[in-house]
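K.L.:
Protein chains in written order, with our numbering: chain A, 1 to 176; chain B, 1 to 114.
Simulated from the structure, these hints should not be mistaken for laboratory data. Just so you know, these numbers come straight off a predicted model, no measurement behind them. Misleading hints may appear alongside valid ones.
To be verified - Estimated spans, in silico, between C-beta atoms of each pair: (1) B:E57 <-> A:E48: 42 to 50 angstroms; (2) B:N9 <-> A:D74: 51 to 59 angstroms; (3) B:G84 <-> A:E115: 25 to 33 angstroms.
Yeah, the Cβ is synthetic: ideal placement off N, Cα and C, and Gly gets one too.
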Amino acid sequence: MAFDDLLEDPVIQKYLHELVGPKGMPVAAAPPDGEVTDEELAEELGLELNDVRRALFILYENDLASYRRLRDEDSGWLTYLWTFEYEKIPEQLQSEMHRLLDALEERENYEKDNEFYLCETCGIRFEFGEAMEFGFECPECGNPVEAMENTRLVDAMETRIEKLRDELNVEHGQEA
Amino acid sequence: MAAAEAELNEDERAGLELIRESGGIHQSDFWKELDVSSRKGSRIADALADQELIQREETVYNGHNTYYLTPAARDLDFSLLMAGDMLSPFVGDDEVNAHSDTFSQFVMNLAYEE
């Protein structure tokens, strides 16, 4: 099996699982060396051909597999020869880290800039403006809403933002 | 990858270590720090980039064209994409929505795992 070292990383396994789902995972988790057809994979893994094709297509859409087509001269049938391109995974995860960093920065600003109220009965959170509009009563159950601290959220985001910036070598405010 | 690293000479190994430790360095500082000539520094960076042990990007620094050298993406700590056992919800998604329910869940996980 190719790409052993990458596939040992639990985050990479999780990433592939997220993309192809549980049914596609046997395909995604066992990339063969060199080219392979969908039929060969189905046979080898004991899977439905449709599940194999679906997983391959998702990998293709995410730039982690490519194919070339061969036409059989006699039958006219097309054969798809697939190549797994997992060497791209680290760079894709790097860009996922940048996207996560952007979102955390945006969310942290929002959490810092707003005051929140919580309905403890329904577990719904309201911004100050919304809470005021409802007369500080939950529109679902009518119970009063209470001011809610979000320091713990902000601190947790701040910690992760710093780690990501450090790991990605991003200066503060360089990404907006 | 381990194989490529095992075959590095002493200078290349020192260069790789410097790039990993700094997290990123301009090529014009790289050879000075390594205490080698600029030509040798450039050869070392070439060799490391050819073996995909580092990433190299063209940039302008102190008014000169140079390269910015960073460790290969595979050296990054991908666990920073996780909150508890939840992966960043933006993976495999075109849109990044910092206010979605799944991202709220991710942030909650962050707050209560740490």
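K.L.:
Hint by hint, note whether the structure agrees.
P.N.:
Taking the hints in turn, this is what the structure says about them:
no., hint, verdict
1, B:E57 <-> A:E48: 42 to 50 angstroms, "holds, 44 angstroms"
2, B:N9 <-> A:D74: 51 to 59 angstroms, "holds, 55 angstroms"
3, B:G84 <-> A:E115: 25 to 33 angstroms, "holds, 27 angstroms"
Hint compliance for this structure: no hint is broken.
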